[in-house]
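Top to bottom, those sequences are chains H and G.
What the first sequence shows, in the numbering used here, is residues 2 to 114, in sequence order.
What the second sequence shows, in the numbering used here, is residues 1407 to 1525, in sequence order.
These aren't lab readings, by the way, just hints derived from the structure by calculation.
Any given hint could be a false lead.
Said to hold, decoys possible - Cβ pair distances, simulated, as ranges:
#1 T1523(G) / D12(H): 29 to 37 Å
#2 E1428(G) / A14(H): 40 to 48 Å
#3 E1465(G) / L52(H): 24 to 32 Å
#4 K70(H) / T1523(G): 39 to 47 Å
#5 G1422(G) / I75(H): 20 to 28 Å
#6 I75(H) / D1477(G): 32 to 40 Å
#7 V1421(G) / R17(H): 24 to 32 Å
#8 I75(H) / S1473(G): 25 to 33 Å
Stated by the list, open to error - Counterexamples of contact, computed for chain H against chain G with all Cβ distances above 12 Å:
#9 R17
#10 P22
#11 G30
#12 G44
#13 I49
#14 N54
#15 T57
#16 P77
#17 V86
#18 K106
Stated by the list, open to error - Negatives, chain G to chain H, calculated, CB over 12 Å:
#19 Q1412
#20 Q1419
#21 V1421
#22 R1448
#23 N1469
#24 S1473
#25 S1501
#26 T1511
#27 G1517
#28 L1525
All C-beta atoms, glycine included, are put in the ideal place defined by N, C-alpha and C.
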Amino acid sequence: DAKTTQPPSMDCAEGRAANLPCNHSTISGNEYVYWYRQIHSQGPQYIIHGLKNNETNEMASLIITEDRKSSTLILPHATLRDTAVYYCIVSPLPGAGSYQLTFGKGTKLSVIP
Amino acid sequence: SQTIHQWPATLVQPVGSPLSLECTVEGTSNPNLYWYRQAAGRGLQLLFYSVGIGQISSEVPQNLSASRPQDRQFILSSKKLLLSDSGFYLCAWSSDGTGLRHLNTGELFFGEGSRLTVL
């Protein structure tokens, strides 16, 4: 069973910031927060990951609360191509025993023109 | 650079027929390999993962099996397909955690997917 909770769907106006929440209240100290997205009929694409500090890359920003029990993925200027299912996953890094990412149902983000 | 390929991209098979999906990875050694399945309208389900040649772990009991005959080759098979085997199958790889720290991000790299329809 997934260790994260996400809203099933969200809408966002094109050009606005999309803020996707994720709850992971049982996260362990060695587990990272990963975000992936899946555009229809394609394999999931890695977006970003973090342990406890906020992270930013060319795709998105990841804000992790101080207690690490929740996080928010921010797409600063959503475009129509950002319409996808977004998955939040918690996992340790490879090397800490068997490494496997368990995908929940994710959040279906629809960017509206 | 690393690449992952899986094939065939699409196939339609009758119930009871065999199945073989193949996945190969290039540009890395000793990767962790995974098979996921996504049924229509549902999330990704991990089927098998492998940390080395001949080492297969099954997550879901079913009529599917996996094999890893070579370091960078992962095969998904079935002797007799069921209707419920229809879905979108994805192969993926990740580092094994023994490489350089800055490369050991835990990122999963997915193939293009194979869409299986069992009739």
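So, going through the hints one by one against the coordinates:
1. T1523(G) / D12(H): 29 to 37 Å: Since the Cβ atoms of T1523(G) and D12(H) sit about 32 Å apart, the hinted range of 29 to 37 Å holds.
2. E1428(G) / A14(H): 40 to 48 Å: 43 Å, holds
3. E1465(G) / L52(H): 24 to 32 Å: The hinted range 24 to 32 Å holds for E1465(G) and L52(H), with Cβ atoms some 26 Å apart.
4. K70(H) / T1523(G): 39 to 47 Å: 42 Å, holds
5. G1422(G) / I75(H): 20 to 28 Å: Between G1422(G) and I75(H), where Cβ atoms are some 49 Å apart, the hint is violated.
6. I75(H) / D1477(G): 32 to 40 Å: Cβ of I75(H) to Cβ of D1477(G): about 39 Å, so the range 32 to 40 Å holds.
7. V1421(G) / R17(H): 24 to 32 Å: This hint is violated: roughly 48 Å between Cβ atoms.
8. I75(H) / S1473(G): 25 to 33 Å: 42 Å, violated
9. R17: It holds; R17(H) is separated from chain G by about 27 Å at its closest Cβ, greater than 12 Å.
10. P22: Fine: 18 Å to the nearest Cβ keeps P22(H) off the interface.
11. G30: At roughly 16 Å from the nearest Cβ of chain G, G30(H) sits farther out than 12 Å, so the non-interface label holds.
12. G44: 3 Å, violated
13. I49: 10 Å, violated
14. N54: Label holds. Min Cβ-Cβ 15 Å, cutoff 12 Å.
15. T57: The claim stands: T57(H) keeps its Cβ more than 12 Å from every Cβ of chain G (closest is about 15 Å).
16. P77: 21 Å, holds
17. V86: 8 Å, violated
18. K106: The claim breaks: K106(H) does not keep its Cβ more than 12 Å from every Cβ of chain G (closest is about 5 Å).
19. Q1412: 9 Å, violated
20. Q1419: The assertion about Q1419(G) holds, with a minimum of 19 Å to chain H.
21. V1421: Non-interface label on V1421(G) holds, nearest chain H Cβ at 24 Å vs cutoff 12 Å.
22. R1448: Nearest chain H Cβ is 8 Å from R1448(G), so the label is violated.
23. N1469: 21 Å, holds
24. S1473: 18 Å, holds
25. S1501: 5 Å, violated
26. T1511: Violated, because the least Cβ-Cβ distance between T1511(G) and chain H comes to about 7 Å, which does not exceed 12 Å.
27. G1517: 6 Å, violated
28. L1525: 20 Å, holds
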